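Asks: In case you want the letters, here they are:
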Amino acid sequence: MASDSLPLPGSIALTPSQEGSKAWLETVHEWVITVDHKRLGLMYIGYALLFLVIGGTEATLMRIQLAHPQATFLSPQVFNRMFTMHGTTMIFFVAMPIVFGFGNYLVPLMIGARDMAFPRLNAFSFWMTVFGGLLLYFSFVGGDGLYGAGSAPDVGWFAYAPLTATAFSRGHSTDYWALALLVSGIGSIGAGVNFIATILSMRCQGMALGKMPLLAWMNLVMAFLVLFALGPLTAAQIMLMIDRYLGGHFFDTQAGGSAVIWMHFFWIFGHPEVYVLVIPAFAFVSEIIPVFSRKAMFGYPAMVAATVGIAFVSLSVWAHHMFTVGMPSYGNAFFVLTTMVVGIPTGIKIFNWLGTMWGGKIRFAVPMMFCIAFLFQFLIAGLTGIMLATAPFDWQLSASYFVVAHFHYVIVGGILFALFGAFYYWFPKMTGRMLDETLGKWHFWLFLIGFHLTFDFMHVPGLLGMPRRIYTYEPGRGWDIWNLICTIGVFFQIAGVLVFVFNMIRSYYRGTPAGSDPWDAWTLEWSTSSPPPAYNFAKVPVVRSRRPLWDLKHPEDPDWKYE
Amino acid sequence: MGTISATIPETPWTLPSKGRVGIFSLIAAESAIFSIFVVAYIYYIGKSLTGPTPRQVLEVPIFDTICLLSSSITIHLALSALHKAKTGVFRAYWFATLALGAIFLVGTGQDWYRLIYKEGFTIHTNLAGTTYYSLVGLHASHVTIGLIGLTIVMLLALAGKVKQEHAERCELFSYYWHFVDAVWVVVFTVVYIIGR
Numbered sequence: 007m008a009s010d011s012l013p014l015p016g017s018i019a020l021t022p023s024q025e026g027s028k029a030w031l032e033t034v035h036e037w038v039i040t041v042d043h044k045r046l047g048l049m050y051i052g053y054a055l056l057f058l059v060i061g062g063t064e065a066t067l068m069r070i071q072l073a074h075p076q077a078t079f080l081s082p083q084v085f086n087r088m089f090t091m092h093g094t095t096m097i098f099f100v101a102m103p104i105v106f107g108f109g110n111y112l113v114p115l116m117i118g119a120r121d122m123a124f125p126r127l128n129a130f131s132f133w134m135t136v137f138g139g140l141l142l143y144f145s146f147v148g149g150d151g152l153y154g155a156g157s158a159p160d161v162g163w164f165a166y167a168p169l170t171a172t173a174f175s176r177g178h179s180t181d182y183w184a185l186a187l188l189v190s191g192i193g194s195i196g197a198g199v200n201f202i203a204t205i206l207s208m209r210c211q212g213m214a215l216g217k218m219p220l221l222a223w224m225n226l227v228m229a230f231l232v233l234f235a236l237g238p239l240t241a242a243q244i245m246l247m248i249d250r251y252l253g254g255h256f257f258d259t260q261a262g263g264s265a266v267i268w269m270h271f272f273w274i275f276g277h278p279e280v281y282v283l284v285i286p287a288f289a290f291v292s293e294i295i296p297v298f299s300r301k302a303m304f305g306y307p308a309m310v311a312a313t314v315g316i317a318f319v320s321l322s323v324w325a326h327h328m329f330t331v332g333m334p335s336y337g338n339a340f341f342v343l344t345t346m347v348v349g350i351p352t353g354i355k356i357f358n359w360l361g362t363m364w365g366g367k368i369r370f371a372v373p374m375m376f377c378i379a380f381l382f383q384f385l386i387a388g389l390t391g392i393m394l395a396t397a398p399f400d401w402q403l404s405a406s407y408f409v410v411a412h413f414h415y416v417i418v419g420g421i422l423f424a425l426f427g428a429f430y431y432w433f434p435k436m437t438g439r440m441l442d443e444t445l446g447k448w449h450f451w452l453f454l455i456g457f458h459l460t461f462d463f464m465h466v467p468g469l470l471g472m473p474r475r476i477y478t479y480e481p482g483r484g485w486d487i488w489n490l491i492c493t494i495g496v497f498f499q500i501a502g503v504l505v506f507v508f509n510m511i512r513s514y515y516r517g518t519p520a521g522s523d524p525w526d527a528w529t530l531e532w533s534t535s536s537p538p539p540a541y542n543f544a545k546v547p548v549v550r551s552r553r554p555l556w557d558l559k560h561p562e563d564p565d566w567k568y569e
Numbered sequence: 002m003g004t005i006s007a008t009i010p011e012t013p014w015t016l017p018s019k020g021r022v023g024i025f026s027l028i029a030a031e032s033a034i035f036s037i038f039v040v041a042y043i044y045y046i047g048k049s050l051t052g053p054t055p056r057q058v059l060e061v062p063i064f065d066t067i068c069l070l071s072s073s074i075t076i077h078l079a080l081s082a083l084h085k086a087k088t089g090v091f092r093a094y095w096f097a098t099l100a101l102g103a104i105f106l107v108g109t110g111q112d113w114y115r116l117i118y119k120e121g122f123t124i125h126t127n128l129a130g131t132t133y134y135s136l137v138g139l140h141a142s143h144v145t146i147g148l149i150g151l152t153i154v155m156l157l158a159l160a161g162k163v164k165q166e167h168a169e170r171c172e173l174f175s176y177y178w179h180f181v182d183a184v185w186v187v188v189f190t191v192v193y194i195i196g197r
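These protein sequences, in sequence, are chains A and B. Just so you know, we're using our numbering here: the first sequence kicks off at 7 and counts up by one. Just so you know, we're using our numbering here: the second sequence kicks off at 2 and counts up by one.
Hints are not guaranteed to be accurate.
To be verified - The list that follows gives simulated cross-link-like pairs (lysine to aspartate or glutamate, EDC-like), each with its CA atoms no further than 16 Å apart:
hint: 1; chain 1: A; residue 1: K301; chain 2: A; residue 2: E569
hint: 2; chain 1: B; residue 1: K19; chain 2: A; residue 2: D121
hint: 3; chain 1: B; residue 1: K48; chain 2: A; residue 2: D258
hint: 4; chain 1: A; residue 1: K301; chain 2: A; residue 2: D258
The set of hints was computed from the structure by calculation and includes no laboratory data. This structure is a prediction, so every number in the text was calculated from the model and none was measured.
Just need the whole structure built from these sequences, with the hints factored in.
Replies: Dropping the structure here:
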């Protein structure tokens, strides 16, 4: 499969690996003090996977509680903590670190650089994210301070005022929540700054902006969104802490403050955040689909323009999370319109991916299967999004399980599927070993069935009026069977993830050696050895087209003649 | 690498400086934080349920403002001197910048002392107090960080370690300082002109 000319001479490690001869403690020490973008990327990913298991466990506990009406598996208090921790963990300590991790690992390799622009800032950002996660989970122990047993935040992941006021949220659990987000937010801003500087200033010779891999483009746009989204979140957390610690009145309605302004500030962050997560998912799909269709990306400039367009529009859609607070009709009309406009560039993207596959020689390897599932599921997620963007429809279904089903369709059916695809695609580069295809197919089908059982059927109780965040419900409302199916689906998903984890561990030790270019791909990361040496490229590459490795493998018909 | 590079004619390949891109990105993120505080300030003007109102207690810090804004000029002069390798002039103007920034911070401190101990106007008093101390305090914390940076460079300059080749790094820092000054123009307008 791999081209004989790869890895390029000189790109292989010049010094022989000394792994295995080192003491265990020395290895740990090396990883803790590292500023290497690849190691930091792997640590981001590992950290996120750990929290994925924790957040997934929390979701499972909730689904067990909801499988039957009037269940007593979890108490109402614990249920509140579980959905708060599940949401906060999954967004801030799974999804964000994992996309930063892949970005960290891949961006410098794909633009022909030896590291990120600011390696030490990179390490700082990672460790801030780590400490944020530790602060959040310390609340299980220290949430009540000296008053009694521990507790966790129970105010929901968007923590609406006045629930977060000291009068309603006693103890310190909400403080840990705010601090965790503040600390990890600073880390994210650092990462955003670093991505922008890396992509704009570290490209190898010949890699003009119009010749960058789409993954680099999309990470650039994602980083800009991080700057403009995380700032408002940080500001809102500072205000919340001023209210809680210094007796401020920002969100204190008793003193003239406004609970609604918290909603605005949170969603000014919250909606662009969705695109911070989904644009890297688009990036993975945009790299994987062309390689497994054996065609160059269809409509590259349109793809870039659509990404920039989505990012731009996403900054002015936030109040579609707030149709039920009662905005003036022109406010509603504005946010309905902007939200629906997002559908246009997103549609362009879907057609571009289909256009890439059209007439291609499609190879149904596991990364491609996850990407094809992504296409279908993300389309459905977008369609329910357009339904919810219609204000009168949203008045009926806001804060119902229909909304929960919609955004899990985006995050699990869209982002997580793209991420699984990315794992199967780049694992060989990161470890030098292929992930097992048969186990991968088991993972794919189990997770696909589980996902659809859970989240397809979750729309129904929503339409029947089941509100989100209730810890139990009465029998005879027609919700029972749907909830049971949702819970059964969870166990298929767990089985899929277990197969995935087993596959990673087994393949790391026993997988087929990957070689430098197992997929016959075209971007620069495949020109160096797997895993790449610390300095990535012995000689910094020079490129002339969007597919430098195609040019190298096909000197008789290079891309740069046509671009 | 032969196959790729051999066919490429040697063309000049220049990219934006990573330091410049980095500092401007940081400034963009900081602007987002400040805009939220400014929006909150404007939104809450006149919404306090109890007194005192800003008009009753706030005094316009004209002298401090002049000091802070002039420090943008002195840091600019310091950098042009450094670009020409006139390190003595650089040190003098850099010190002036540091002094002007410090005067501003001391002025804010005195103002707060008066407000808290004489007027009894604290962050807890009413919405006006909450928004005033948060916005001005957020700015003052940025001035403090700037002063720490200015002091470090000053100490290095006194030790004779800041030379012409460091001009670009000092310039990156000066962008941050200009940003802090520009934010003060916004804060001043919002707090002392619109809000009072």
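Asks: Does K301 (chain A) pair with E569 (chain A) here, judged by a C-alpha cut-off of 16 Å?
Replies: 14 Å, holds
Asks: Is the Cα-Cα distance between K301 (chain A) and D258 (chain A) 16 Å or less?
Replies: The hint is violated at about 58 Å.
Asks: For K19 (chain B) and D121 (chain A), compute the direct alpha-carbon distance and say whether it is at most 16 Å.
Replies: 12 Å, holds
Asks: For a C-alpha distance cap of 16 Å, please report whether K48 (chain B) and D258 (chain A) respect it.
Replies: 12 Å, holds
The structure does not agree with numbered hint 4 stated previously, though it agrees with all others.
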